[in-house]
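*Asks:* The residues making up each chain are set out below.
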Amino acid sequence: MRGLERRHWRWPAAGILIVGALLVPPLAGLGEQLNPDSSAKFPIFLGTSALVLSLWAISYNLMLGYAGIVSFAHAAYYGVGAYTVAILFQRYHVPVLAGLALAPVVAALVGFLSGLVALRAVRLYFSLLTLAISQLLYAIAFNWYSVTGGDNGIHGLELPDFLSDYSILYYFVGAAVGVCLVLMFSLVRSPFGAALLAIRENRERARSVGINVRAYELAVFTIAAAFAGVAGGLYALFEQQAYPEQLYWTANAQPVVIALLGGIGSFLGPALGAFIYTVLDNQLSKNFAYQFDILLGGIVLAVVLLAPGGFASVPDLIGQLRRRFSREAESAVAESSGHAIEASDPGRAARIKAIQADRLPADTREPLLVIEGLSRHFGGLRAVSGVNLTVHALDRHAIIGPNGAGKSTLFNLITGHLKPTAGRVRFGGRDITGKPPHMIAKAGIGRTFQITMIFPKLTVLQNLQYAMLAHRGRTVRPFGRADRMYRDEALDLLAAVGLGPYAELPAGLLSHGDQRAIELAISLALGSRLVLLDEPTAGMSAFETQKAMELVRRVAQEKNLTLLFCEHDMEVVFGTAQTVTVMNQGQVLTQGRPEEIRNDPEVKRVYLGELEETA
Amino acid sequence: MSGGQLLLFVVGGLSNAAYLFIVAAGLSLVFGALRVINMAHGSLYMIAAFVTGVVANQLGLTLGFWGGLVVAVIVTGLVGALIEVVVLRRVYGEEHLVQLLATYALTLVIAGVVRTVFGANYRTVKPPAAINFSVTLAGNSYAAYSFFMIGAAVVIGTGVYILMYRTTLGRNIRAAVSDPELLSASGVNVARLYTVVFVMGAALAALGGAIVAPSQAVNASMDTDVLVLAFAISVIGGLGSIIGSLVGALIVGEVLSFGVQNQYTNPYAIAFVFIIMVIVLTIRPWGLFGKAEQT
Amino acid sequence: MIMDPPPAPPATAGATMPALQVRQLDVRYGKSHVVFDLAVEVARGELLALLGRNGAGKTTAILGIVGLVPGASGSVYVSGRSVSKLPSYRRTKGHVAYVPSGARCFPNLTVQENLELTARPAAGGWTLARVFERFPKLRELRSNQAGGLSGGERQMLAVGRGLMSNPTVLLLDEPTEGLAPVVVQGLGSLLLDLKRTGMGILLAEQNHRLALRVADRAAFIEKGRIVAEMPAAEARGSDILHRILGV
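Protein chains in written order, with the working numbering: chain A, 8 to 622; chain B, 16 to 310; chain C, 337 to 583.
Mixed in with the good hints there might be a few duds.
Unchecked claim - Straight line, CA to CA, 30 Å or less: simulated BS3-like cross-link-like pairs of lysine-lysine: (1) C:K559 to C:K421; (2) B:K306 to C:K473; (3) A:K611 to C:K473.
Derived from the structure by calculation, the hints contain no laboratory data.
The following block holds chain A by itself, in its conformation from the complex (with noise of 0.2 Å):
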């Protein structure tokens, strides 16, 4: 039950942290009077450096814990920021201000350009090609003398007559710091951070809701810079001062290691996280500096790996987890296997076509989506050759065939996740060749996938608002509660495909029969009027085969769905298609009414055999 007590102590504890940081100076002042040896300037000097740290950490949060990256150039960011001030102030004379203004400017602009070089690559290769931006920032900043100053930074900056009091400066950074997180945490609740977490949890999943995964990504990776400039720019005012080890790669421990100290699954956690580290680098770092590394690396490692659930766990979403995963969750998930495909409720139709109310009743006669010439080759190997296939509106489409025929790889295609050698794709009279996934959903082509594609940790709720917030293009808001959107529509759409109960629990946690409900609910929150179903019931029992085929083939019905689906048990696909498409190395064999293909000479020699006591 932790999750819930931290969720109810969350704001009387973010109250606490801003009253003990709004009473550093006084406190700090009271000390010097109590003990005349001491100096209140220290203490507050060491509470600025903490605000400016926690800005730092948490900016750097906005990327790990709420989008899953990790980069290495996040202190060439807060460098850049500071080297922003430092090098306006001394070569062009402007007032440091005004350098502070403009440090989020420059450091978003250096951001969002490697950004946009490193997240060509992914996950993994983005991470080493951060660490390659960081350390050719920093061989900039260390060699060019006559800008950077070189080897020796740039010292001397001047400061406002207001600011060289410490305890204004320290309100001063304060308060700047104050104004940023206000707006990171909006940015985490808003629309666009959904798409992050969405984005987090399942990349292949959101890029097939319509969110443009790579845009996503390089915007929170420039904010997080944005921020980072703010950090580093204030760094520079308070220290007056910029030098090149600010940028070197491994001084992003600083950020990681706060972050970890303080919970990465907190928003304001880094904010305790910069107290304590301030604290302990001030206490060590000097006399001990080697061994101040190896406690950061002790103190990463311990985390790491003794931190129960690890990282996977999402801030925000944390609380609401754990009390989900409360015995009453469990036991109502034990019981869910089977239930949604067996629930419906007729009633809610009516309401649910107001939600699909955009799409036109079609004939059944148009051809909805139009493949010609379609050819893919990996290497030598064609893995689609020259297919040419019809799908009409309303038709329930099946395509057979043995494995490495090809039935994958032609999903693919008409999906976008992987560009044709040769040929047209065309959708409701619309060319889609090679257009990237997340248009393609939005053009009304929704699909499951063979393995079940959920975002595992979001609720069953939430996986449905975010879909709706994505394909409506909403997730570029920046502002707004994304849990308060859509709501009700999602909830209609949930029950009609039986899953209600389950709502708030976390849609990993339901039987795998019900996460493909989930799947076709979300092709619904999209609109399609295509979806495409691969092997729709693998690695279901013949009764679930059949309750989930039934609840197929209702929903399509009452949503004028076309479906486009292949599958390997015969009896769902002659029990389902009303059209029938083998597919043998590559190439299409036949196509005909089931009742034909079945009995088909050359369909028997390739796949079918002699079907034993058909049922």
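Using the hints provided, position chains B and C relative to the given structure of chain A.
*Replies:* Chains B and C only, in chain A's frame:
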């Protein structure tokens, strides 16, 4: 640029490529089999360089370097075994996030330990007496040690190839790359195999660190210097591919060699490496010889 | 928690003992208990079909027998010798062969390397030559990487890998899943041949048609427990088959 000068740069690049290949091959071997990107790989390399230095200076010019090399490989291998058993075992199969942070933490710990034990000062290591002479080719003088490094890389590279494709151990390692669970169900002790692979990776880092020691000043920031280059090589060549490490090392080694010759490009030689990385990734996001990973 | 005393091991070990005996097998994944008090016995030359829906615990039970899940307790005997304390890599060295679902192979190894990897020579047992004799297609493909094989070829390879270790007992997890019906038929006749060599076989399946055609006995598993066990002939068309598999 004259032909002699060109040869000078090319040989310089090859000797860079030599030690970089040895180090990057270890990184790739570990990543291929364990799916862990070992940020502490450069730290192991640094440990070996320091150990080589200490032992070599104790033993004198004839045997010193060789003794240092052997001791360095043993010590680093043991450290590798310790890391594998204590840390890595707990992060297999975790997200890259966790693995990156755990091995990153190790770089901090090892850097602290190395500085505490050996100090932060630069050290020089003398090449073994037998190959401590220079050769004149086309009017330029070359350290024989450069050719030794190139030869050592060829021998080590061939050894790794034979091990991977001609031995049972290599076959098992390749099997572990694709399906460790199935391997365990096929009668192979995968936990022990993983330790062996990581120790081999550490030994390659150690060979790189020991061999490079006489050609550079040994210092406490060599972990980062080599790590950045090894990553660049892996990104260019493709993570997990030994052939990729070779091609990547040749590219990076030559680019650095040509880059540092000019006083204007010298400080930014790393920038050229970086630009090549960007170009490669634009064309092949998983490197020249890498396999696309599930996103 | 009160535990039953562990069952006494069979008195004598050797060729007369059943190929596989499993007693009181419990498997837990974290907090969830997946397999409960499972007991099965497979004689030499016998094929036991383990039938159940997806999620009933078939795969988990097999993983428990092979020793691939950490949270397993209970006893496993092969030819009367306890292997319960052995890790999976020792259980699968000649005692138990595991053919996982999805025709899993090492895709980056050649066909021959895949087969050699599990090889445990035994007098009169399976060798590379005999496997190639049984699956001529694999001989043709011997230097090809397994990843390029078709689903049916991969399944042959997976079974061949199991045979190469000359096991006392062969565990197959849904070998027919995703296979073209024509390949399934070939697999059925192979299993019948293997039985004649005295191998004990445990076949976990949803495809009851194939399973009951080749099995001697059938055990039905539901929610992690064996709920019924009977001769295969009796199981065909039985009420329990209807109830469990929904046919």
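*Asks:* All hints are to be evaluated individually against the structure, with a verdict given for each.
*Replies:* These are the hints, each one checked on the structure:
| no. | hint | result |
| --- | --- | --- |
| 1 | C:K559 to C:K421 | holds (26 Å) |
| 2 | B:K306 to C:K473 | holds (28 Å) |
| 3 | A:K611 to C:K473 | holds (21 Å) |
Of the numbered hints stated above, none is contradicted by the structure.
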